[in-house]
Every structure is written in C-alpha cells, then in structure tokens.
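The chain contents come next:
Protein chains: 2
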Amino acid sequence: MFRANESYLKLPGDYLFSEIAARIQAYGQRNPDKAERIVRLGIGDVTLPLAPSIVAALHGAVDEMAAAESFHGYAPDLGYDFLREAIAEADFAARGARIDSDEVFVSDGAKSDCANIQEIFSADARIAVCDPVYPVYVDSNVMAGRTGAYCTVTGLWSDVVYMPCTADNGFAPELPDADARVSLIYLCFPNNPTGATVTKRQLQAWVDYANEHGAVIVYDAAYEAYISDPELPHSIYECDGARTCAIEIRSFSKNAGFTGTRLGYTVVPRDLRDADGVSMRDLWARRHGTKFNGAPYIVQRAGQAVYSDQGRRETCEQVAYYMGNARIIREGLAQAGYEVFGGVNAPYLWLAVPDGMTSWQFFDTLLESVQVVGTPGAGFGPSGEGYLRLTAFGSRDSALEAVKRIQSM
Amino acid sequence: MFRANESYLKLPGDYLFSEIAARIQAYGQRNPDKAERIVRLGIGDVTLPLAPSIVAALHGAVDEMAAAESFHGYAPDLGYDFLREAIAEADFAARGARIDSDEVFVSDGAKSDCANIQEIFSADARIAVCDPVYPVYVDSNVMAGRTGAYCTVTGLWSDVVYMPCTADNGFAPELPDADARVSLIYLCFPNNPTGATVTKRQLQAWVDYANEHGAVIVYDAAYEAYISDPELPHSIYECDGARTCAIEIRSFSKNAGFTGTRLGYTVVPRDLRDADGVSMRDLWARRHGTKFNGAPYIVQRAGQAVYSDQGRRETCEQVAYYMGNARIIREGLAQAGYEVFGGVNAPYLWLAVPDGMTSWQFFDTLLESVQVVGTPGAGFGPSGEGYLRLTAFGSRDSALEAVKRIQSM
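Which chain is which? The protein sequence lines are P and H, in order. Residue 1260 is where the first sequence starts when you use the numbering used here, and the numbers rise one by one after that. Residue 1260 is where the second sequence starts when you use the numbering used here, and the numbers rise one by one after that.
Among the clues, some could well be false.
Identical chains share a label here; the pair holds if one copy fits it or two copies do between them.
[As the list claims (entries may be wrong)] Pairs of lysine to aspartate or glutamate residues, derived as EDC-like cross-links and limited to a Cα-Cα distance of at most 16 Å, are as follows:
1) Lys1269 <-> Asp1541
2) Lys1293 <-> Glu1265
3) Lys1269 <-> Asp1535
4) Lys1550 <-> Glu1378
5) Lys1269 <-> Glu1378
6) Lys1459 <-> Asp1427
7) Lys1293 <-> Asp1304
8) Lys1293 <-> Glu1627
9) Lys1663 <-> Glu1590
10) Lys1293 <-> Glu1660
11) Lys1293 <-> Asp1623
12) Lys1550 <-> Asp1336
13) Lys1459 <-> Glu1490
Hints listed in this document are in silico derivations from the structure and should not be mistaken for laboratory results.
Using the sequences and the hints given, assemble the complete structure.
If you want it as structure tokens, here you go:
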C-alpha cells in the first residue's frame, strides 16, 4: 500500500505561525470581548495599502487582460523581460554588482524560493543555519530528508550545523569549522528574526569562506529595503567573488507591501557551478520550467511599477513609516526597562523577555494581560529562547498602543 | 565541494515546450518574413481575453488593496474561505460529490500542484502514467529520484509503469497488473494530449482498482469544463469510494482563461490515509504552510467571480467558442484525409501524422511549409510517436487559417 513521505513525518509540531494563529484564535474564543483589542506585532505582515503607482499598474494590466489584442497567457518561464531587466538594473547594476537579467528568476514569492532552492542540491548536502532562524530553511530540508534525527530536548537536528546568534556574539554568526564540511549556508541580512545586520566586510568573509570551502551561500535579502546605513550591503553580489558561491533571494513583500500580492525573485549566477561544472543556474531554470508556470502578468506589471520613479518614492515612504514604528517600539520598550535589539536598518525588534520566563510564557502573558501579540523566539530555534520578536509592520497607532500597554504592565 | 541533485541530471533534453519555443524562434530568425504568418496550435494557451465579470472582480479587488481598511496581506495558507466554499459547492456538492471546503487547497496553478503532489509520498513509491502523457507527472518524479534509469532508445524509465494509449485500445489505458505494485497512478481526463475521455463506469473501475490495491489516483481534471456529454464524470469524486484513494487537481486556466493569471486547486480528502493511517490531507497542508504563501488576493477574488452567475455564463461562452474551433479543425482535417482523434468533450485534437514521418518531422514540415505549429506526439512519450497534438485555444481565424493551409499541402 502507498506510504507517506517519512521525512515529512519527522517534522515536530506545526509551522510556527500556524501555532500562533491557533493560540490567538483560542484566546479570542475564550475572551470574545477582548478579541478586538488584540494588537498584532507577531507575523511580519504589512498593513499599509499598495502605493498609488502600483495600484495604477495593476488596473492598467487588468485592462490589458480584458482585450484580446493585449491579453497575456502563459508568461515566459523565468519572468517577463521588462521586470527582469528592471531588477538587474536597479537592484544590482546600480550598486556595482554584475547580474544579468537572465540570471534573475521571477517567482510567486521569497518563501517559495527559500523552500525550493534546496532541491537543486544533492541529497547529502549538509546545511548550516543561524540559530535562531526563519523556520522555512530548516523545514524544507527536513522534508527533503537532509537533516537527520530531531532531538526533542535540544530542538536541534543531528545533521544540521547551527550557528548560534546571541547577545554574546552580537547576533553575528561565526564561520563554521572547516571540518563541518557544509555545502549550503543560509544567511539572512537584515536578519529575521533578530534584526541584526552585516557589514560589507563581514559579508566578504562569508563569501571568501564559501569559495574556499566549496560551499554555496543562500542569501535571503528580503529586508534590504530597510537598510539606511551606507556601510551595509544590500546585495551579496556587492562582495568580490560572490558570483561563484552565492544565490540571492529577494521579495516584494516588505519593500512594497506585496505580502498578499505575491512576487519575489531569485538570482542564480551563471558562474555558480558544482564540482563537476554543472550550472546551478540551468538546474534552477529547469525546475522553474517543470514545476512552476510563472507569476501572474498583472503582478509582474505591479512589480515593474515598484522600480518607477513614483514607485520608488512611494515605497520609500512606506519603509520610512514602518521604521518610524520600529523607533517608537524600540525607544518605548527601552524606557520601560526592556533590553531591545534590532529595529535599526531592519523592521524586526528582538526583545529580551523578563527573567524566569520562557518566550512562549511571555507570549501568553502579553496576549492574556495586554492583548499584544509577538512571536516567541524559541519558535525560531533554541538560541531564540529568552526573546520575543516584534515587527514594525503594523499601523502607527498599533505601535503606540502596544508600547503604552507594555509600559503599563 | 557542493554537488547538484543528481536526479536532475538524469532528465533528458529540455522541457518539451521550451524545445518547441526554441525551434519556432530559430525558424523565425532564419525566415523573418514568415515569422508573422505562424499559426500556433502547439502549446495549450488560451487567447480570449478575461471575461467582463472576472475583469470587474480584479478591478474591485485592486481597489480594496489600495485602501488600508480593505487591504489584504498574507492569505490564509490554504486559500480564502470565500473561494474554497464556492469551489466545494459548485464543483462538488452540485454534482453529488461530498468534498468539504477544508479539503480544497487553492494554489497558483495546476502545473505546480501536479509537480509538487508527489512530494508527500514515500521516496520508493512506484508511479504509473499513461503513454503519451503530460511531461510534468514524470519529470517531477525523475527530479525526486523515483524513476530509475532512462533508456535513450525506448525513451522510457526503468521504474515507471507505462500504460500505453493508442488507437488500438481507443486511447484508454488498461489497469496495471496487480504485481506491478503501483502506489501512484496519474490519470488525466479529458486527456492531455489525446483528447480522450472516460465514462463514469470506466473511472469507477480505476477507483475500485486503487482501493483494492492500496494505490492513490492523482486525477488531473484541468479540462473538465470541455465535457458536454452527461455520461462523462467531471470529478473523480462522482465515483463511489474515491475519497479513500483519489486526489483531484483542477485549473482555472482553460475554463476561465487564467493561464497568465494563475490559479488552481487540489482536493485531498480527509479519508485518504496511508498504511499507517497518516492523513495525506494533513501532509499536503503542511507542505502548503511551509513552501507556499497563498495565491494573490486579487486573483482569488477573480476565481470567485468565475462561480458567479455572470461568470459561469461568460466562461461557458468561451468554452463553446474554443469547442467551435475544435470542430472546425477536426472536420477540416478529416476532409483533407487525416485521421483525427479527440476534439469532442476535450480541447485537444490528436492527429495521426502521414505515413513514414516521425512526429518531430511532421512538426518541422508544418512549420516550414505552412507555418502551422503543433506539438509532436513523441514529446509526450513513445506511444505518442506518429501523432501531433493540436489545440482549440486559438482564435476562430487561426483555426480556419490552419485548416485551410494544411488542406492546401
């Protein structure tokens, strides 16, 4: 008789954000009078509406789809040239990074790409991740059977190399030992969940390490729009040698509010080749051609609008608005005596929970006593224990209200 | 050093439609004066614009995204209730099939689902496919390492069970031998590429076989809207016992013209459990939650409009238009002396190529001499050799023109 994928069965519990949603729902059912008071700073979902330039592009593209002469059927496998060229120019060439448009793969979002990218690597590839970490990097490798056995005590997988990021090391992961023989290193800067950033010099050390040890860096730059410090790189391709060792994943979710509109892209340079010279770019193209049918035409036109003069101006204003929230939360909680990291050049704040509480206990306490929702750090890995992630993606009112309520505790 | 997924390296050549696109492009470059004359009946891409009710729904949803109070961020993992409930009611309950809305998983399209569904099954699951077959079923299993060795002479994989569909058996696959021990059976009716259909009684035999032998049927019903014969089932869940052995995949691409808008769904009933009682529905939910972030809100609203009274009326008219093309092609080519199958209750026509030619030779001949593009049957598997697939998705003019040109040869 048929059987389930046994690697799937190894996954412990539910996906983090599903668990949070379930707890919020249960709380609301027990306390229907307070359900409306809940302020959500948990999941990193944006709240500002789409910018006028993007709305105009969507309406225009919908009108094109309404007439036979301008209708668009299947998109090119890898994305429309108009979008890929805008990306190559604005996100890379303008920063001195050499990326051709045919190294850019448009997708339905960074989460899908983060989860799928492991597929083009060998089954025995050893992965290295930061701890705490965005769960998708690890879970997608669990599903692929790469992570060994799960320890319910430590919350760690036997075959994964963890790079702890704690207050002690300034939330900066250290290079893995050479004898760890890692093949795939997942890095995310500005970091989710800690809000930590990386300097160009620090990132160059990672690129050099990867090239020296034959590893690939999967660089998740979904939050690059939140960087204002000119010393910080927006792309890993600003580093020398990254074309032979790095894949970069980008999102339109946080810079332009596309969480519900869905658009992202991945860069796989032609120079990225395995020990036998196999082009990883061509394998990723093959995956796209076989398992994906392109992002919607109207959404790709919306993505193009993000790169217009008006689109840049409007989306920069949105980013500034959210960073205003980050400042309010950071300063307000510091005043209340909390230790807060992140929230500068990053939309995430990493709050040290009060002594003697676990991060899930503090999550429940905030929910029950002041109806504020964060994300428990432990959900991102064992080194996240003792922290709570707050996001700056709510409204100004919700940031002010959350701070006021937490200060009142 | 890192290595590529060796299963990917086993894939022979390029994805079929990429190869066709490359040949058309090369022909156009050699014959720039004739490039504009090309009539494309190759890839199954629709040409009619989106219907007015769908366009109105898209504009309305875009306007919602433009205001903070009606903005939509991340969608529920499995799709919005408004769409899942419309699907459960119209596509299943109305046909007497019991499918709950939480067994419906909204996605970015049937191709992704067809390719991804294998992931929730064990690595050693043996698959059975029709020959000829939509390449995605096989290629996605090749990438997962399930198909054994490829024979360049026969074009077959050592560990795949093939069910030939030829003129001799009326393009109806036969049940696999019990000792073939298949776990996953891919069926597609109305069929791509042959245009063959299945009666409810025939399909019931497949359901009974699957339940008896502990197999799962992946039922691709992307073309069900083209059925007009009341004897033919639109869903496998019209058969008794299908809830314990079948997964059904649906598309909005062909019934409503969403090839460039992207929307589909998969049904995994709660009663589908493996030998250990594992719920395949829950595994698929876990995959959605980990590797996917929902279809765009505006596209899900467009999908809902397909089920409105106006939407049904308009999309039925589009289907009727395409079936008018099918009749023109079928009758016109029969008049010219060709043997033509399909094109009744199905948008695909399966044309026997002239004696002594291979299907790729006939493809090249049609392209070079009359600038008509079909899809070579051999691209769908060895039993497709000797046939060319034509689609009814072009304009009326292109159907008439293609027939006229082929008749003139």
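Subject >> Hint check, failures only >> reply: 2, 6 and 7
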